[in-house]
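Chemist: Sequence:
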Amino acid sequence: MIDVKEHVSAVRREVGTRTLEAGEARVVTIMRTYDAPVDDVWDACTNIERIPRWFAPVTGDLRVGGRFQVQGNAGGLVERCDPPRSFAATWEFGGQVSGIEVRLDPAEDGTLLTLEHVGHVDDEFWGQFGPGAVGVGWELGLLGLAGHLGAPGVPKPPDGEAWAVSDEGREFVTLSAEAWGEAHAAAGADPTAARESAARTAAFFTGTESPDEGGEPGARAD
15 MIDVKEHVSA VRREVGTRTL EAGEARVVTI MRTYDAPVDD VWDACTNIER
65 IPRWFAPVTG DLRVGGRFQV QGNAGGLVER CDPPRSFAAT WEFGGQVSGI
115 EVRLDPAEDG TLLTLEHVGH VDDEFWGQFG PGAVGVGWEL GLLGLAGHLG
165 APGVPKPPDG EAWAVSDEGR EFVTLSAEAW GEAHAAAGAD PTAARESAAR
215 TAAFFTGTES PDEGGEPGAR AD
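So the sequence shown is numbered by the working numbering: it starts at 15 and just counts up by one.
Simulated from the structure, these hints should not be mistaken for lab results. Computed from a predicted structure; not experimentally measured. Careful, some of the hints might be misleading.
Said to hold, decoys possible - Cβ-Cβ distance ranges computed for the label pairs, FRET-style:
(1) R64 x G86: 14 to 22 Å
(2) E93 x T33: 35 to 43 Å
(3) P172 x P51: 24 to 32 Å
Glycine included, C-beta positions come from ideal geometry on N, C-alpha and C.
Construct all of the structure, not just a fragment, from the sequences and the given hints.
Modeler: Structure follows, in structure tokens:
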């Protein structure tokens with residue numbers, strides 16, 4: 015058992031845009047502080063032997079210029095690495111290419127992890143699911159990292175799928191999606207539309223809406 019509300023409130027969320035060579039891209043930013051030193055958080059995020067303990071198995075080369083593949087999820091190219099402070103990589107899934115940037119900064123109570131997911135998302139998909147399609151998926155991953163770094167009660171990856179459809183998991187996903195709806199509205203989206211897209215995201219992740227009814231937010235944007 016975990017304190018779902020505590021873990022959801024531990025995350026700060028921002029929604030914005032960034033101008034790239036190919037045009038304007040959407041940016042979903044997730045921030046969470048961990049009770050662990052920077053070096054340990056860095057190793058947990060970049061050590062190919064530790065990543066499966068909180069996220070998913072990874073194969074490939076995690077050095078700059080190397081390609082990697084997350085089992086059952088995205089692959090990509092490591093573009094930049096500045097240990098133990100930051101790295102950047104492409105995030106490629108289903109023919110879509112976006113990018114992730116991770117920064118680690120010392121904080122008074124541990125390490126502040128900032129993850130930015132940057133990419134071009136078609137307006138129809140964004141209107142349907144909003145930033146929660148990316149945000150909820152990453153929050154589930156960062157919850158796993160919290161457990162790996164010592165937070166009690168967090169399910170380990172082998173149990174994560176079953177937990178996600180438990181009452182506790184559904185509560186986590188629903189509250190996370192609602193928080194992303196609030197962040198979307200704070201960034202200028204119509205509040206009603208933001209709440210509706212957040213509800214569709216929560217319905218998908220909790221299994222109450224089929225992909226045929228609402229698309230596949232996890233596949234398109236995680």
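Chemist: Okay, E93 versus T33 on CB: inside 35 to 43 Å?
Modeler: violated, 18 Å
Chemist: Please check whether R64 and G86 have a Cβ separation lying inside 14 to 22 Å.
Modeler: holds, 18 Å
Chemist: Quick check: does the Cβ-Cβ distance between P172 and P51 fall within 24 to 32 Å?
Modeler: Roughly 27 Å apart at Cβ, these two residues keep to the hinted range, so it holds.
Checked against the numbered hints given earlier, this structure breaks only hint 2.
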